[in-house]
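**Student:** These are the residues of each chain, in order.
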Amino acid sequence: MTKFNKTSAGFSRRDALRVLGAGGAAGLFAPHLLGKPAFAQTPPAAPTGRIVVGLSQEPTVFNPLMPHIEVDDGVNFSIFDALFRISVDGVIGPNLASEVPSQDNGGISEDGLNWRIRLRDDVTWHDGTPFTAEDVKYTLELIVNPDFRAWRTTGHDLVRDITVVSPTEITWRMEEPFAPYLSFLTETFMVPKHILEAEANPNEAAFNQAPVGTGAFKWGQRLAGDRLELVANADYFGEGPYVEELIFKYIPDMTVLYAQFKSGDIDLVGNAYITPDNYQEAKDLADRVVTVEPKGSVESIYLNQELPVFKDQAVREALYLAMDRTAIIDALYYGVPTPAETFMPPQSYYYNPDLPKQEFNLDRARQILDEAGWVPGADGIREKDGLRLSFNNSTTVGNHLREQTQQFLQQTFAEIGAEMKIENLPPAVMWGDFWGQSQFDSAMVGITYLVGGDPDVTYRFHTDAIAAKGGSGSNNAQYSNSEVDALLVEGSRTFDPEKRREIYFKVQEIIRHDLPFLPLFAYTNLYGRKAGIEGFEVNTNTRTESWHAAAWYWA
Amino acid sequence: MTTLTATHSPSRWWQSRVLRRFLSHRLALLGLLMITLLTLACVVGPYLLPYDSLYIDLRARFAPPFASDHYLGTDPLGRDIAARLFMAGRISLLVGFFAMVLSIFVGTLVGVIAGYRGGWISAVLMRTVDGFLSYPTIFLLLALAAALKPSPVMITIIIAVTSWMEVARIVEAEVRSLKEREFVLAGRMLGLGRSHIMFREILPNAMGPIIVAATLTVARAILLEAYISFLGFGIQPPLPSWGNMLNGAQQYLASAPWLAIIPGIAITIAVSSFNFIGDGLRDALDVRNDTV
Amino acid sequence: MPAFLLKRFAQSIVLLVIVSIIGFVVLNLIPGGPLAQFALDPGMTEADKARLAEQLGLNRPLLVQYFDWAWRLLQGDWGISFRDGNPVLTVIGRHLFATFLLMGSSTVIAIAIGTWIGIRGATHRYSTFDYAATVGAMVALSIPTFWFGLIGIYVFSLKLGWLPAGNMYSIGDGSVLDYLHHLIMPSVVLALVHIAVWSRYMRTATLDAISQEFVKTARAKGVTERRVLMKHVVGNALLPMITLAGVQLPSILTGALVTETVFTWPGMGRLFLDSLGYSDYPVVMGLLMFSAILTIAGNLVADIVVALVDPRIRLA
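Here the protein sequences come in this chain order: A, B and C. Take the first sequence: its position 346, counted from the start at 1, is 347 in this note's numbering, and no numbers get skipped. Take the second sequence: its position 171, counted from the start at 1, is 172 in this note's numbering, and no numbers get skipped. Take the third sequence: its position 22, counted from the start at 1, is 2 in this note's numbering, and no numbers get skipped.
If you are wondering where the hints come from, they were derived from the structure by calculation, not from laboratory data. Keep in mind that the hints are not guaranteed to be accurate.
To be clear about the criterion: a stretch of chain C counts as covered by chain A if any three or more of its residues have a C-beta under 8 Å from a C-beta of chain A, and this derived list gives those stretches [claimed, not checked]: (1) 24 to 33; (2) 36 to 48; (3) 135 to 149.
A few chain B residues facing chain C, derived, Cβ under 7 Å [claimed, not checked]: (4) 255; (5) 261; (6) 269.
Sample of chain C residues with no beta-carbon within 12 Å of chain A, all distances over it, derived [stated by the list, open to error]: (7) 60; (8) 88; (9) 241.
Each residue gets a CB set at the ideal place from its N, CA and C atoms; glycine is no exception.
Let the hints inform the model, and build the full structure from the sequences given.
**Tutor:** Here you go:
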């Protein structure tokens, strides 16, 4: 069922073959992409029904190339497609591209610099125009256009000489080998050249409020401040969609969000999901499926390495020993998250499981500080060479769980003679220069380190990424270790997953030893949906629960 | 008739009549009693209670009131609510009081200058006052609170910044009418300096409305602090304030309603005390009630 | 009269300029900027943010930014929301209905109930009703609106289940009845403080009017008590009431913001809080200006109406 007007017999025969081909190697879907056993139920033949997703923040940015946040991604994944798609297991498969380029199949040259992508030939935009390599070229060039307010340019700014060889083939050259680029391309959605190039200013195009993509759902209508309605794209080249309407409803209050899930007003709980204090009740709700799934971000206390107190390894270790993580996780967070030792999410292929486990041991902590020469002063707070073991800790105001955690930590730190003062800030203040230019003492933050599942964390831990010192990354802790620097550079230039794994294992080891941040736990989210919804899966390599709404259906 | 001039002996006589009227105003007395008791409780209470307001005890979370030696229950971190309530009272009352002092100071200054000088000085000052008054208080408050690090001092200043205008208005009106009185003309003829006349002659006679405004400003300041702390922008934990005790209470309304009910009652008692007192003062000072 | 009008109008313009300067100064105290929401975004580097700041014109000197903004404001261009990409006026417009609905209904309730209480209290001065009303009014003025809302939710939604706990309507429903059902608690809560204000005001105004000569004359003429009240007393108290309504406007907006938070009502107050959270400067500024303009316009209209109705001013 294609919209191509070339109705030569050859095409339709190929079509028929595809349908009969039952997803074998000849199929254009990598089977591992779907990567799950056959459903107990089967999806309907034609899209039926409606699914309402509740969100606690409103999606307002619909041009996927402009700066946007997690909830916007839910919409992007439904309306648009990227060249590749990342599976739940972290394997990259083709999407708009017909195969994944690699050094083995020649898609990427040996030196990692020359790329050749082959595209599908049966994709159309929602307005009927065929999707071609011209659109890919336009998208990649738009991102690095200095007048365009692009979201991320990392990786794209290394691309040169984009050449359209044919409507289904495109090549380019990279300035330097950059392995993570493949992952980046799983989140770089293609935008239509024929619509956007006609606009005088793509920043303010009408397209941004009524986007046209190639995805499983088309733009329906938006009632700002309330909800967004998408409708099924019957001509979608990929799997699905199986529901007629996909609605994103904005409910700003988490309590109300949960209440509406309970009452059935919404079918699926999206960002920011169900809060831990409702877990006990939620998991026993009739006619609802509530699962606990890892999210891919880590909650930790960032220690500003330039603060004199934190330059002492003993202090960092002692503080880590003085965190009663079990109590925090079980009591404050109702047992929902899991303890973490590293920035790498546990479900990642690159996760190092052999890192030393944290223990809550106040005596050991005191011992370490004693040995390092930190002597308790008259007020119980330790001192060394005139420096008091006192520092501030900041997070955004209004986050109750974090505030409670802070106050609890304050108490246990006091027991080893460390004074932590709480200084919380409004988000506007916190995320400005205070965070960006490393003006904090310590901060309690939840950070997602990986982009598209790629383990490259150069922008977080490399010395050149320290913004406060003139760098251009987000190394907010001002962490600097030359061994890690070298490993990170090597990791981003290596394409072989197994070799990369070794490299990043070592990186995690060193960072765990150095403790520039004290990990608290790996976030897990409580996903809730009505019992009749099938095809829903959580993918921690993406930022949204709606990354594959095309696969959802009512049983 | 000559007794209308505001020199010293009539004012003493005026004061004692005011006092008598005030003391006969039952509500005002009630208010005075309530606030005295509350303040006493906040000052002395924490020393008398068995628990510390800061101590976190994760095993005793969400204890309901009147059921254990946590007289008013515990909060989500297991801290004693009674102790926190009184500590919070100290903060809220202090913030309210000092915000009032600051706004009275600024408001009176602006009001006296504008009222006495008149002309374009008055126009500029009063239009500025009107400008500030055109904003809904909370919009201005929040915008400021979002910009600055929320310490109790900062909060006090911010509340004062949004409260001085009404004082200025009242004072300006009062000074404008007093300006034409004979004792002012007398003062000018005597060659007294402008500042002397403004602050030594006129101001003392305008004290009546200012005192009323002061009590009502405290009431308002306490409410405002509660508002912004409730919204998360005011006093930050672990420092308790009545407002921020309410901040976390909404999500636990079904399971632990006492978290919301108790601090709210405290706020209502405090604010209504000041309102009663202010009302009594206003009646006592109201010239229309003079039966002379 | 035209001279009076012109003078008031000119004053309003001056006021608007002052208001805009105050708002602009306050707004630029807020650090972080609209890019703060991307602070934790993986993959977005400081270089990206610096580039965006430049593209959004955030690095220009303040004075330049102010005049640029003010100039555009005069031409009707209130700016584009950083978060949304839509014009600020459109964004505000979407939330207007909800807030006006809330404000309107609570004002109606406040005036209706408050007036009744006030007049009754004045005519039955020193009775139990009067005392109860006076004390009640002062206590009502002392209760934090949002706390009253929380208690309301606890009693009427959680315990009794009679009224919904929030929102303007239920998904799937949307009938007038549904809207009304959701409107009850928020508007009553918001009205509480204003009922107190109106009742106290009406009481004083009624007392004042009762003691005036013309009422005694009417009574002497034999006009019934009720007619005396309705026609003369209320009619004369009405004038200052209009002024009072105008002056009350900012405080109703304040109350509305807090009420909207507690009841997750999708109005301007919510928009303000959300935009502050995103540091969406244009929208925050737009709302500040909008509320101030509303107040100034309200006062201007009140003054004009009073001037039109009051012969003393008209003939001046």
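**Student:** Now, for every hint given, state plainly whether the structure supports it.
**Tutor:** For each hint, the structure was consulted:
{"no.": "1", "hint": "24 to 33", "in the structure": "holds (count 8)"}
{"no.": "2", "hint": "36 to 48", "in the structure": "violated (count 1)"}
{"no.": "3", "hint": "135 to 149", "in the structure": "holds (count 3)"}
{"no.": "4", "hint": "255", "in the structure": "holds, 5 Å"}
{"no.": "5", "hint": "261", "in the structure": "holds, 5 Å"}
{"no.": "6", "hint": "269", "in the structure": "holds, 5 Å"}
{"no.": "7", "hint": "60", "in the structure": "violated, 7 Å"}
{"no.": "8", "hint": "88", "in the structure": "holds, 25 Å"}
{"no.": "9", "hint": "241", "in the structure": "violated, 9 Å"}
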